[in-house]
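Okay, here's what each chain looks like letter by letter:
Protein chains: 2
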Amino acid sequence: MLYCVSMELIPIQTSRLEGKIDLAHFFLSAMEREKIKLKNGDLLVVSSKLVAVSEGNVVDISTIVPSAAAKKRNISRYGTGKEDPRIVELVLREAEKVIPGNMMIALKDGNLMPAAGIDLSNAPDGIAILLPKNSWQSAWKLRATLLKKLKLKKLGVAIIDSRCQPLRWGTVGIALGWAGFDGIEDVRGQKDLYGKSLKVTRKAVADNLASAAQLVMGEGDEARPFVIARDAPAKFTNKKPDPKKIRIAPSECIFEGVYNKHVL
Amino acid sequence: MLYCVSMELIPIQTSRLEGKIDLAHFFLSAMEREKIKLKNGDLLVVSSKLVAVSEGNVVDISTIVPSAAAKKRNISRYGTGKEDPRIVELVLREAEKVIPGNMMIALKDGNLMPAAGIDLSNAPDGIAILLPKNSWQSAWKLRATLLKKLKLKKLGVAIIDSRCQPLRWGTVGIALGWAGFDGIEDVRGQKDLYGKSLKVTRKAVADNLASAAQLVMGEGDEARPFVIARDAPAKFTNKKPDPKKIRIAPSECIFEGVYNKHVL
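Residue numbers (the numbering used here), protein chains in the order written: chain R, 212 to 475; chain A, 212 to 475.
One chain only, chain R, in its complex shape (with noise of 0.2 angstroms):
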């Protein structure tokens, strides 16, 4: 008889976060109300939004003064009517690169995400969140703290967001940081059904991990910015992820003929 084991993703409700906080605190005791443990070899999924509200990391929108640029552009957050300047102004501070448009299109962290990553919803009235300011980093801190807190060997860390897909409907799932796991596997030289070598195929793990923790985060007032990977068919390593790694310069990116010159 074959085998197969199964893997189990299990959302973990918190409180409403109002401010500042420490992470790895925050978590344990919504553990400890919801009484699960965590296990070796478990992956913690954890919403970028909780980590910047964590970190202070928001801004009030009416300290904000729009640059004449930000003023100048007219141009609208997923097509929905002309974007308040301000706004404007901050997705032109967050971006490495905004991409001329009709909507708010920025490079950030080497994504191309809608407004730089910023967001307003689950954010109380004249509050913008913004992306962690470096989720890599936010990852390897919270592991560290759990495994010495928990006195675990193995364990990862993903930090998530959403994202929009080219020609799609919807929102999937994007790690914007990781540690503790292979987020990207590369199983070249693999063999395929029929012994041949598989010779271009990496496996983007922590970006399937983040969406199958969409699936049941849920993205309104359900208050759920944990989840609990266990039994993934992940490699773990202690070894510090490089974040240059993830990244295709747009030159040498499979999608090249489909850039314009503001990409390439």
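These are calculated hints, taken from the structure and not from any lab test.
Hints should not be assumed to be uniformly reliable.
Since the list gives no way to pick one copy over another, a pair counts as held whenever it fits inside one copy or between any two copies.
Only pairs whose alpha carbons sit at most 25 angstroms apart, straight line, appear in this in silico DSS-like list of lysine-lysine [claimed, not checked]:
#: 1; residue 1: Lys308; residue 2: Lys450
#: 2; residue 1: Lys308; residue 2: Lys472
#: 3; residue 1: Lys407; residue 2: Lys293
#: 4; residue 1: Lys282; residue 2: Lys362
#: 5; residue 1: Lys231; residue 2: Lys407
#: 6; residue 1: Lys248; residue 2: Lys364
Using the hints, position chain A against chain R.
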């Protein structure tokens, strides 16, 4: 106390598929061998490659006579060197539109896909596997057969593939067709943590499910072409999905500023 329902992903191993077969029968035999039963409320994820092979949607490469256009096109898949003109010919035949560039990105069923989804891995030497002819119809048909045979009321089926991501390494999942559940959940109007209405959010549930399944499916010789997602918080429906509804016209897509004239 708060209560969190966890979700399970159960991979189903099968024998290697050698040619045209009845897909429902192949699945039910594997389930019997594994002693696993489908339950009401399960989502069944099926690899598109398995579906294509089961439908005989494969091509003997030696039978292809490349056109002059295919021979002229000095193009490569994945940047791994000049492509066999017969494969280029196959891409030209299969694609809705081939985007000019160094790599063979093509529009196929509304998606930007390398080589229009044509794949040589997990196929015998000299054979190319195409995408299923109509993944929507195949999902609908498989679901209907399983509902009847197993006397179930609520069942979702999704046919999935892997896809490359813009500017990032690694493949994630994509749902090519689905039936029996809301593959794109419209959460506009739902309240966020502060009681504000979410304005623009749609969740790509089927694509997230595809990525979740990729975590346990494997890309090599694992032969796990089915995954059951159990206790997923999906919205089940008996309505036939409308494939046109998932597509966004390039000019209306949030990434419009990113595309060149060949896409727009």
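Okay, the hints, checked on the actual structure:
no.: 1; hint: Lys308 with Lys450; in the structure: neither (30 angstroms within a copy, 43 angstroms between copies)
no.: 2; hint: Lys308 with Lys472; in the structure: both (13 angstroms within a copy, 21 angstroms between copies)
no.: 3; hint: Lys407 with Lys293; in the structure: between (53 angstroms within a copy, 20 angstroms between copies)
no.: 4; hint: Lys282 with Lys362; in the structure: neither (53 angstroms within a copy, 61 angstroms between copies)
no.: 5; hint: Lys231 with Lys407; in the structure: between (52 angstroms within a copy, 22 angstroms between copies)
no.: 6; hint: Lys248 with Lys364; in the structure: within (14 angstroms within a copy, 35 angstroms between copies)
Of the numbered hints stated above, those contradicted by the structure are hints 1, 4, listed in ascending order.
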